[in-house]
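Participant: So you can see what is in the structure, the chains are spelled out below.
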Amino acid sequence: MRKFDEKAVFSVFAVLLFCGVIVSLCVGKYPLSFTDIAGLLTGKIQNSMKSRVFFFLRLPRTVVALIAGAGLGLAGWVYQTVFRNPLASPDITGISSGANLGAAVVIVVAGNSAITVASGAFAGGLAAVLAVAFLVRSTKSNTTSTFILSGIIIASVSKAAIMLLKYYADSDSGLAAIEYWTMGSLASVTMSKLSGILPFWIVGFAGLLLLHRQIVLLSLSDEEAESLGVNVRLSRFSVLSFSTLLVSSVISITGLISFSGLIAPHIARLITGKRDFRTMILSALTGAFVIVVSDIAARSIGSSEIPISIVTTFFGVPFLVFFMLKRRRNIT
Amino acid sequence: MSLLEMKNLKCGYGHRNILDGINLKIESGEFCALLGLNGSGKTTLLRTVTGIIPALDGNCTVDGKDILCMNEKSRARLVSYIPQRTSPVSGISVLDYVLLGANPWIGLFDSPKAGFTDKALQITRRLSIFEMKDEDFSQLSEGQKQLAVFARVLLQDTPVMLMDEPDSALDFVNRHKILEKIASQVHESGKCAVISIHDPDFALTYCDRIFIVDGGKILCDICVHNADRTLLETGLGKIYGKIRLLGEPGQYCMTKIRN
Chain S
126 MRKFDEKAVF SVFAVLLFCG VIVSLCVGKY PLSFTDIAGL LTGKIQNSMK SRVFFFLRLP
186 RTVVALIAGA GLGLAGWVYQ TVFRNPLASP DITGISSGAN LGAAVVIVVA GNSAITVASG
246 AFAGGLAAVL AVAFLVRSTK SNTTSTFILS GIIIASVSKA AIMLLKYYAD SDSGLAAIEY
306 WTMGSLASVT MSKLSGILPF WIVGFAGLLL LHRQIVLLSL SDEEAESLGV NVRLSRFSVL
366 SFSTLLVSSV ISITGLISFS GLIAPHIARL ITGKRDFRTM ILSALTGAFV IVVSDIAARS
426 IGSSEIPISI VTTFFGVPFL VFFMLKRRRN IT
Chain R
49 MSLLEMKNLK CGYGHRNILD GINLKIESGE FCALLGLNGS GKTTLLRTVT GIIPALDGNC
109 TVDGKDILCM NEKSRARLVS YIPQRTSPVS GISVLDYVLL GANPWIGLFD SPKAGFTDKA
169 LQITRRLSIF EMKDEDFSQL SEGQKQLAVF ARVLLQDTPV MLMDEPDSAL DFVNRHKILE
229 KIASQVHESG KCAVISIHDP DFALTYCDRI FIVDGGKILC DICVHNADRT LLETGLGKIY
289 GKIRLLGEPG QYCMTKIRN
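Protein sequence lines, in the order shown, are assigned to chains S and R.
Quick note on numbering: the working numbering labels position 121 of the first sequence as 246, and the sequence is numbered without any gaps.
Quick note on numbering: the working numbering labels position 35 of the second sequence as 83, and the sequence is numbered without any gaps.
Only true hints are included.
Pairwise CB distance ranges, derived in the manner of DEER restraints:
#1 Lys154(S) x Gly163(R): 53 to 61 Å
#2 Arg262(S) x Gly155(R): 23 to 31 Å
#3 Gly163(R) x Ile240(S): 46 to 54 Å
#4 Asn356(S) x Ser138(R): 19 to 27 Å
#5 Arg209(S) x Gly163(R): 25 to 33 Å
#6 Ser138(R) x Ile426(S): 31 to 39 Å
#7 Glu75(R) x Arg452(S): 47 to 55 Å
#8 Ser122(R) x Lys265(S): 22 to 30 Å
#9 Leu212(S) x Gly155(R): 32 to 40 Å
#10 Asp105(R) x Arg262(S): 21 to 29 Å
#11 Val446(S) x Ser122(R): 43 to 51 Å
In silico BS3-like pairs for lysine-lysine, Cα to Cα no more than 27 Å straight-line:
#12 Lys121(R) x Lys265(S)
#13 Lys161(R) x Lys132(S)
#14 Lys451(S) x Lys181(R)
#15 Lys73(R) x Lys113(R)
#16 Lys181(R) x Lys161(R)
#17 Lys265(S) x Lys58(R)
#18 Lys229(R) x Lys167(R)
#19 Lys304(R) x Lys290(R)
#20 Lys229(R) x Lys181(R)
#21 Lys154(S) x Lys318(S)
#22 Lys318(S) x Lys291(S)
#23 Lys167(R) x Lys225(R)
#24 Lys181(R) x Lys132(S)
#25 Lys318(S) x Lys175(S)
#26 Lys265(R) x Lys304(R)
Hints listed in this document are in silico derivations from the structure and should not be mistaken for laboratory results.
Glycine included, each C-beta is placed from N, C-alpha and C at the ideal position.
One chain only, chain S, in its complex shape (with noise of 0.2 Å):
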């Protein structure tokens, strides 16, 4: 096995999402410098405009970035790993799907108020990995594959009744929101959206950092895991019940981000050629580093802003080409 330089290869990561933040707190439609940046954080700066720009938009848009990028970067991880499948993302338990759905109920139902349509999309999250637990325990086999089925089960439900709801949805209004809201934004974060989330994004992503050892004993077959003393129902409820958390509490003030979460797990891989705890952490910062230049890229790129998920994805699937051809001459 390639050894990689730990120390290196974190310090290398701090320093880039460093460099990234100081960036996204920078670029805007409203500029702020390094120093304007250092006087506010100081208190120099007394700007009523400049610091109203930093700590109400810019500041919370970028911790957003950076805990997307990690929860996101995280849950695939776990996901990936639980699973046994590289392809996992979020989306194998249904939860982007509901969160997608309860995001267009709200949208077509209360309009497009920014906190109503965080709770709506949070609670779609929920109650569609709910209703795939349901569906799993009313099978009484509880395997991976029946966990794939029935997330895709739920998530063709919820993919009809978008539809349905885009058909009757204003089209003036309501279905340009519906659509944006699956293209992923952080243009309307906010200091109260983002404290609203925390709580949520704290206790999954911490559930899961404790839950290191149990997640990778449940890569191991069932019975394996069973038999090295691992409750592997309860086990597995807990997993996936804090990476839904961390998974809605992101994707509900974000919209759908594609492509990040299955990204960044193999590109953490790649550097330690590993599956443990270090990898887990380092996807984590892939992630947030991915979101972060995503984001500044999704602001500056256009005269104006475009939705997030299009820089992902053009960022994602040339990683997923490599991979792809990678894969192929490692098994000729």
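Fit chain R to the supplied structure of chain S, relying on the hints for placement.
Facilitator: This is chain R only, laid out in the frame that chain S set:
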């Protein structure tokens, strides 16, 4: 009191009764083989004792403690199990793989302490896979993988070790190697092991007792060292038909008599 005791143990899936009233007493230091044809219920018995499938009736004790109503963790301190096909894990070093065996002994959120790592290294040395401790588990050969799995079981350090065809994926040399290592571990440490196996020659060479399983019952319980050739031939004949044992005690070789 025997180390592993089954009393009237009924096993099966749901309402399908596969094994009907198994009674066995296995002492410490005994290496036992379950011999039976495909579908005779060897795997079902092992899975029931491990607690992977619930017993339909009867009881099973280790050191007098009822293991059927224990939780996974307490049971995993008494009984370890290697399934026929172990999971194809990748991205985990051999040492970390062996350390998975520490799970029943540490808290849910804890990581294995240095003591476990030392012990794991010792075990890898004893099984001569020390040189591969940093390799990726998925890169090992089948023989090395089986040794790594056995190392994990040794770290789990249970008085009872159950293994479902631990030799099935291995070549001739590696089969001898793994069975020899299991036998010596069992004899040195006073544990007991029950394996299912298809090749009676290997069972006769390495195991102390042989259970012949057929029709949902244990037809014969043969103590290999005390049994003479005729007794062994009659016992094995119950499932294999007309057979003859060639060779000497300790290295028997079974052949089929053709009509």
